[in-house]
Amino acid sequence: MSSKLITLPKRLTINYLNEFIQSLNFVFDLIDERKPRFFLNFEKVEKVDIVGVLVLYKFIEFSVEKKCFYNP
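If you count by this note's numbering, then the sequence shown holds residues 1 to 72, one letter each, in order.
A hint or two may mislead.
27 Å max Cα-Cα, derived DSSO-like pairs, lysine-lysine [said to hold, decoys possible]:
| hint | residue 1 | residue 2 |
| --- | --- | --- |
| 1 | Lys-35 | Lys-58 |
| 2 | Lys-58 | Lys-10 |
| 3 | Lys-67 | Lys-35 |
| 4 | Lys-66 | Lys-4 |
| 5 | Lys-4 | Lys-47 |
| 6 | Lys-4 | Lys-44 |
| 7 | Lys-44 | Lys-58 |
| 8 | Lys-44 | Lys-10 |
| 9 | Lys-35 | Lys-66 |
| 10 | Lys-58 | Lys-4 |
| 11 | Lys-4 | Lys-67 |
| 12 | Lys-35 | Lys-4 |
| 13 | Lys-10 | Lys-47 |
| 14 | Lys-10 | Lys-35 |
| 15 | Lys-58 | Lys-47 |
Simulated restraints, written as ranges between beta carbons of each label pair [what the hints assert, rightly or not]:
| hint | residue 1 | residue 2 | range |
| --- | --- | --- | --- |
| 16 | Ser-3 | Lys-67 | 29 to 37 Å |
| 17 | Phe-62 | Leu-5 | 12 to 20 Å |
| 18 | Glu-46 | Leu-24 | 28 to 36 Å |
| 19 | Arg-37 | Asn-15 | 30 to 38 Å |
| 20 | Lys-10 | Tyr-57 | 15 to 23 Å |
| 21 | Ile-60 | Lys-10 | 18 to 26 Å |
| 22 | Glu-46 | Tyr-70 | 24 to 32 Å |
| 23 | Ser-3 | Ile-50 | 26 to 34 Å |
| 24 | Lys-35 | Lys-58 | 15 to 23 Å |
| 25 | Lys-35 | Asn-15 | 25 to 33 Å |
| 26 | Arg-37 | Ile-14 | 24 to 32 Å |
Source of the hints: derived by calculation from the structure; they are not laboratory data. Since this is a predicted model, take the numbers as computed values, not measurements. Note that CB positions come from ideal geometry on N, CA and C, so glycine has one too.
The whole structure should be built from the sequences, with the hints applied where relevant.
Take a look at the structure:
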């Protein structure tokens with residue numbers, strides 16, 4: 001089974017969030033799926049603001065509450 005790596009952008013700030021949010025649209029199709037082997041990659045992140053933290057938090061919260069991934 002292959003892994004799905006979600007790589008966060010270099011800048012997780014209000015001016016750069018649109019592309020990141022669009023890249024997460026697939027999560028809405030995973031409700032109650034409990035998909036295994038999903039990973040968040042923070043290696044490339046250089047700059048984060050409070051809005052970026054909030055968006056990331058809401059992504060994690062949604063995916064946990066809706067049981068999108070196995071072992072969040």
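Comparing the hints with the structure gives:
no.: 1; hint: Lys-35 <-> Lys-58; in the structure: holds, 18 Å
no.: 2; hint: Lys-58 <-> Lys-10; in the structure: holds, 19 Å
no.: 3; hint: Lys-67 <-> Lys-35; in the structure: holds, 9 Å
no.: 4; hint: Lys-66 <-> Lys-4; in the structure: holds, 18 Å
no.: 5; hint: Lys-4 <-> Lys-47; in the structure: holds, 23 Å
no.: 6; hint: Lys-4 <-> Lys-44; in the structure: holds, 17 Å
no.: 7; hint: Lys-44 <-> Lys-58; in the structure: holds, 20 Å
no.: 8; hint: Lys-44 <-> Lys-10; in the structure: holds, 5 Å
no.: 9; hint: Lys-35 <-> Lys-66; in the structure: holds, 11 Å
no.: 10; hint: Lys-58 <-> Lys-4; in the structure: holds, 19 Å
no.: 11; hint: Lys-4 <-> Lys-67; in the structure: holds, 16 Å
no.: 12; hint: Lys-35 <-> Lys-4; in the structure: holds, 10 Å
no.: 13; hint: Lys-10 <-> Lys-47; in the structure: holds, 7 Å
no.: 14; hint: Lys-10 <-> Lys-35; in the structure: holds, 26 Å
no.: 15; hint: Lys-58 <-> Lys-47; in the structure: holds, 18 Å
no.: 16; hint: Ser-3 <-> Lys-67: 29 to 37 Å; in the structure: violated, 19 Å
no.: 17; hint: Phe-62 <-> Leu-5: 12 to 20 Å; in the structure: holds, 19 Å
no.: 18; hint: Glu-46 <-> Leu-24: 28 to 36 Å; in the structure: violated, 20 Å
no.: 19; hint: Arg-37 <-> Asn-15: 30 to 38 Å; in the structure: holds, 32 Å
no.: 20; hint: Lys-10 <-> Tyr-57: 15 to 23 Å; in the structure: holds, 19 Å
no.: 21; hint: Ile-60 <-> Lys-10: 18 to 26 Å; in the structure: holds, 20 Å
no.: 22; hint: Glu-46 <-> Tyr-70: 24 to 32 Å; in the structure: holds, 30 Å
no.: 23; hint: Ser-3 <-> Ile-50: 26 to 34 Å; in the structure: holds, 30 Å
no.: 24; hint: Lys-35 <-> Lys-58: 15 to 23 Å; in the structure: holds, 19 Å
no.: 25; hint: Lys-35 <-> Asn-15: 25 to 33 Å; in the structure: holds, 31 Å
no.: 26; hint: Arg-37 <-> Ile-14: 24 to 32 Å; in the structure: holds, 31 Å
In summary, the numbered hints that this structure violates are 16 and 18.
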